[in-house]
Each structure stands twice: as C-alpha cells, then as structure tokens.
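Asks: Residue strings, one per chain:
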Amino acid sequence: MGCIIMKKADLIVGSLLAITGLLFLFYFIPNQTTEAEEYGLSPSFFPTVLMIIITVMAVLLLAMRLWRHEDSEIQKAPLDKQNLFFIHGVCGFLFFSLAVMNYIGYIAGGIVVVSGAMFYLGAKSPIKIMLISITGPVVFYYSIRHFLNVIL
Amino acid sequence: MDQILLGFSDILTLVNILYIALGISIGIFVGAIPGLAAPMVMAMLTPLTFYMSPLAALSFLLGMLKGGYFGGSISAILLNTPGTPDAAAACFDGYPLAKQGKAEKALKMSLYSSIFGDTFSDIILIVVAAPIAGIALKMGPPEIATLIIFAMTTMASYLGTSFTKGIIAAALGMFLATVGLDPELAQPRLTFGFIELEDGLPITAMFIGILALGEIFIQLEGGAKAGFEKIKLSKNVPKEDRTISLKEFSGTFRTLVRSTGIGTLIGALPGLGATLAAFMAYGAAKRSSKHPEEFGHGSLEGIAAAEAGNNATCGANLIPLFTLGIPGNVAAALLIGVFMIHGVSPGPLMFEQNSRLIYGIFGALLVGNVLHLIIGYIGLKFYTKILDVDKIYIYPLVVLSCMTGIYMENNSLFNVGIMVAFGWLGYFMKKMDFSFITFIIGFVLAPIMEHALNQSLIMSGNNISIFFKRPISLSLLILTILYLCQIVYRSRKKVV
Chain A
8 MGCIIMKKAD LIVGSLLAIT GLLFLFYFIP NQTTEAEEYG LSPSFFPTVL
58 MIIITVMAVL LLAMRLWRHE DSEIQKAPLD KQNLFFIHGV CGFLFFSLAV
108 MNYIGYIAGG IVVVSGAMFY LGAKSPIKIM LISITGPVVF YYSIRHFLNV
158 IL
Chain B
1373 MDQILLGFSD ILTLVNILYI ALGISIGIFV GAIPGLAAPM VMAMLTPLTF
1423 YMSPLAALSF LLGMLKGGYF GGSISAILLN TPGTPDAAAA CFDGYPLAKQ
1473 GKAEKALKMS LYSSIFGDTF SDIILIVVAA PIAGIALKMG PPEIATLIIF
1523 AMTTMASYLG TSFTKGIIAA ALGMFLATVG LDPELAQPRL TFGFIELEDG
1573 LPITAMFIGI LALGEIFIQL EGGAKAGFEK IKLSKNVPKE DRTISLKEFS
1623 GTFRTLVRST GIGTLIGALP GLGATLAAFM AYGAAKRSSK HPEEFGHGSL
1673 EGIAAAEAGN NATCGANLIP LFTLGIPGNV AAALLIGVFM IHGVSPGPLM
1723 FEQNSRLIYG IFGALLVGNV LHLIIGYIGL KFYTKILDVD KIYIYPLVVL
1773 SCMTGIYMEN NSLFNVGIMV AFGWLGYFMK KMDFSFITFI IGFVLAPIME
1823 HALNQSLIMS GNNISIFFKR PISLSLLILT ILYLCQIVYR SRKKVV
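Respectively, the protein sequence lines represent chains A and B. Numbered according to my numbering, the first sequence spans residues 8 to 159. Numbered according to my numbering, the second sequence spans residues 1373 to 1868.
Hint data in this document are derived by calculation from the structure and do not stem from the laboratory.
Not everything, but these chain B residues come out facing chain A in the computed CB check (under 10 angstroms): (1) Thr1536; (2) Tyr1765; (3) Phe1806.
Within a straight-line C-alpha distance of at most 27 angstroms, the following computed DSSO-like cross-link-like pairs (lysine-lysine) qualify: (4) Lys14/A x Lys1802/B; (5) Lys1611/B x Lys1471/B; (6) Lys1619/B x Lys1753/B; (7) Lys15/A x Lys1803/B; (8) Lys1803/B x Lys14/A; (9) Lys1757/B x Lys135/A; (10) Lys1865/B x Lys14/A; (11) Lys131/A x Lys1757/B; (12) Lys1865/B x Lys15/A.
Glycine included, each C-beta is placed from N, C-alpha and C at the ideal position.
Just chain A, with the same shape it has in the complex (with noise of 0.2 angstroms):
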C-alpha cells in the first residue's frame, strides 16, 4: 500500500510537471520571448530546450512509474492533506506578514512572523511571546539601521 502511495505521488508531479511543460512550450515562452536575431541564440532558444527537457523527463517518470514493478520497499507518503494545508497556511501566514510589513511597517510584520511561529510551536507563555516577538525585530531593525545604515 506504501509503495502504491509514492508511485500515486509520483504520478501526480510527473502529470502536473508535464502539462506545465507544454503548457509553457506552446503559450508562454512564445508570448513573453522577442524574435530571433540572425546569429547566436535565439532568445527563446535555451529555455525552449531546458522545457522540453523537463517535459520529457516527466512523462519519462510517469511512463516508469506506471510500468516498472515496483520493489518491496515500503514507502511512506510524502505527502498527505495535513502537509498540504500546511504548507499552504504558512506561505499565506508569510504572504500575511509581509502585508503588514508594507502597509504598516518592519516591525509590525516581524512581531507578526515571530509570535505567530512561536504561537504554532506551541509557546505557552503570553509574556514571553509578547518579549521575544517585539525585541526580534526591534533589535534587527535598530541593529540593521546603526551598523549597516540601511533602513528597513
């Protein structure tokens, strides 16, 4: 059952990595490169090749995946829903942040990163998550701006 579920994940990134490729062979690369001059390279020509490259070794992975016997090796999952709401949650978290960071500023943001992370680990103490989560980014930003002359 293990093996079945990293060959299903395999599947699934050779199948998506394979549209995209030709996805961008036939659309993208030929809207957002210019023409060709008359010698060299044309501008579209190397990352023309590097897509029919990964094109290729996709459906090269799905056509293994899908033929070859598998071994008896039992492999986990890789993925499952929790990993991807995860990972999801945390790039939007982030995203979150650096919302804050723009319309408000460095420190906002950084409090924001900094209690949320230590709040998800499971920090219990509201007095040294309010601490830690202001001093972080306090001391980078007055650090950054004394040494470095750089203001964030």
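We have chain A already, so just place chain B on it with the hints.
Replies: Coordinates of chain B only, in the frame set by chain A:
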C-alpha cells in the same frame, strides 16, 4: 609571487581575522543545532556581505562552512542526532563514548580530526588549483558548455535517489535562471510584465528560500516536539577522560591520513559530498583497524575517521569552483553567488584577473583552521549549551532573519515574496525527493552555459559541429553519453 604575498598579507588584518572568527563561531553555533546547517546560514547572511569587501565576505562565509562541519558533530556526540547530515557517522562512536562519561574526549577528538582533515585539503587546493586553472584556460566556450552538461548529468545521478528527478531538478533550476533580460538582446524574457523580474529571479532569495526556508518549513511541520536526551559535560571526570593525549592522537594518525585522503578525493569531484566522504572514510578505517570490534562502541579511530573524512571535503570542494567555475556542492554554489555579487567571475580566469583575491582566500582558509582550533577548543563548553535552547525561540527568529536579509538588499518586499515562493518550492522538492542541490547548481550555472553556447555558435557561424570537432568537447560529450548508457543499463539490471 608578489600577488601571493599581497594576498596572504591582505588576510592578516584585524578586520578580516575577526570576520573569519565570527564566521567560524556562527558556523559552530548553527551546525550544532539539529535542522540548521551552515549552508542555510551562509545563504541567510549573504545579504550582509554586500557591505564587506570581497575578501572579507568570502572569508566570513568560508569560516562559517568550516565551523558548521565541526558543529554538526557536537549534537551527534551529545544527542546521538547529527546537526548536519555529514556528521551522521560521528554518532556511531561519538555518542557511545559520551555515554561512557568521555563526552569531552569525544568532542576534542572530533575537533582535532576536523582541523587535520581541513588543513590537509586546503593545502591540496592551494597546490593544485593554479596548475589546473592553467589547463582549464585552454578550454573555450564549446568545452565549457559540454563540461557543464557532463557535470550536471553526473550530479543529477549522485545527488538524490532518482536520476530522472535529478535531471528535472537541474533543468528546472536552469529554466528559472532564464527569467529576466535576455543576455544578448537585453529584452525581457519570461518576466510576465513584472519590472522587478527584469534583473532575473534574485539569487539570494532563491538560496535562502530553497535552502533555509524550505528546510525550516519541514522542521516546523512537526511542531516543537519533545527535546532530545542530552549528555552533559561533567567536571567530575578524570583528566584522561576529558583530554586527548599525544599517544592517543598519534595512535589515530594513519586513520587520519587515510580518511583525509578519501575526503579530499571525494571533495574534489563535483556532487559527491561530505556525507559520502565521512561514511567511506569510516568504513575504510574499520576495515583497516587492528581492533574493528571497537567500532560502534566508542572508538577514537571511528570519530577520527568520520570527522577527518567530512572536513577534508571543505577545501577540496573549492577545486572545481576555482579551476573550472563549477560548484561541486551547495556551499560552492553559494560562493559563486557571492563572487558574482562582488563583481568577480569565478573560474580559471580568476588566477589572472583576481590573483590577489584568490591568494587572500587561500590565506583565509589556512588562518581559518588555526582560528577554528582556538575557538573550538575554548568555546567547547559554551557551544554545548546551545543544545539547551528551545526550538520555540530559535526558529521564529530564523524565519524573521531570512525575511530581513532579503528585504535589506533593496527594500523590496517583492523579493521577499519570491523567497517565500522558493521556500514553498523547496518544501515540495524535499518532500518529493527532487534534488534541491542540483536545482541550485543548475540555477547558478545556467547563465554561464547559455553564454558559452551562444559564443560557440557565433564562433562557428551557427554550425553545431563545433562541439564535435574540438577534441575536449567531443570527449566530454562521449563521456556524457557513456554515462547515460551506464545509468540506463544499471536501471534495467535492477528491474530484472
């Protein structure tokens, strides 16, 4: 000769020595914490190096790398959990020796072995780099292009468990490096209308996102699980259990030399890595030992072999970087980024155009070993206390420092967003076993390869036979094809 002397004298200034010492201290500190590794912190602190001279910047980062290798063995010995993957072999004998009440002895053996291996490989680097660079200068654009193809093909198979996934990772890294302005026509390419992308995807955001943030996401996923059982350093231990005598050290001398040789050879080959070196050195030491039964039960020889082997890759890894401009591992790829940030093109021409800097770096490597010994010895007890600090406090501040480092570059939150996106990608790459190291090396080498391909075609009037007419280029292509055939043959044999 004057450039050599000037280079060495450049490093012997208080500022540069302090930077090396700071780098080593940070490296040991970070390497000791399971889940954090020196290349991650090197990536995070790369933006700080903008404000340093090129020599100070590279010395600082190389110091960090040296310290990181030893730091990984601290948690391996005290927690039975390596701080870095290359310190895993140190667990076999380090932890059992520590459980016998000889933790300080184990740590000191690790330190001395690390310095021994590192110094030897630095000397090899200094001796062979210039002659090999001289040979490499005879290589033209076709040879450079085919060399990169060969190097990426071999690395895709060494790094990671699947060759197919390795090639995908390498090609993806190279593809993302094409975003920005086309190098010949200076026209936007794959920028999707974002002006911020016209300079390309920021290399430091890529490094920090993939290396640091991706790994931190994986560490954070489990939450702050319970801490490890840590062995403490006790004062109430006889002196012979806290120190390494001259007799004990000389008893491991043959092992040290053998392990250093193995580490240097493996380090010089792109893609093989310090982890492989440590395990191969350990295996060789056990086979050659008069007391193989002691291995795995607290053998000093075992610790010496593992640590000399992995540290010997430190200087040797720079051989392909300085001579061919090809990074053999993540740290070398990071250094390419730093070279480029400071306006230096890494490769054989450095010995002609920036020889003073090169010899300054060589001096930094040697001075770094002396400082590493001093800092490691004096700070041993302090560094072991790091393991008492809870993850709850470290990881949030590390995430903030990643964001701050990128933001500092040009006050661009767009770049911080790019870093988060690379963190997302790094997370999936690690989970799905796509080699992020090959990805990073591909990203770094792509502009060099495209430039070499372009120059080759201009030289030949758009005739690709140039790659087949030049002997070195043809040989490299044949080697690549033979290597691919060997991979296909092996995978078919496995299926049968």
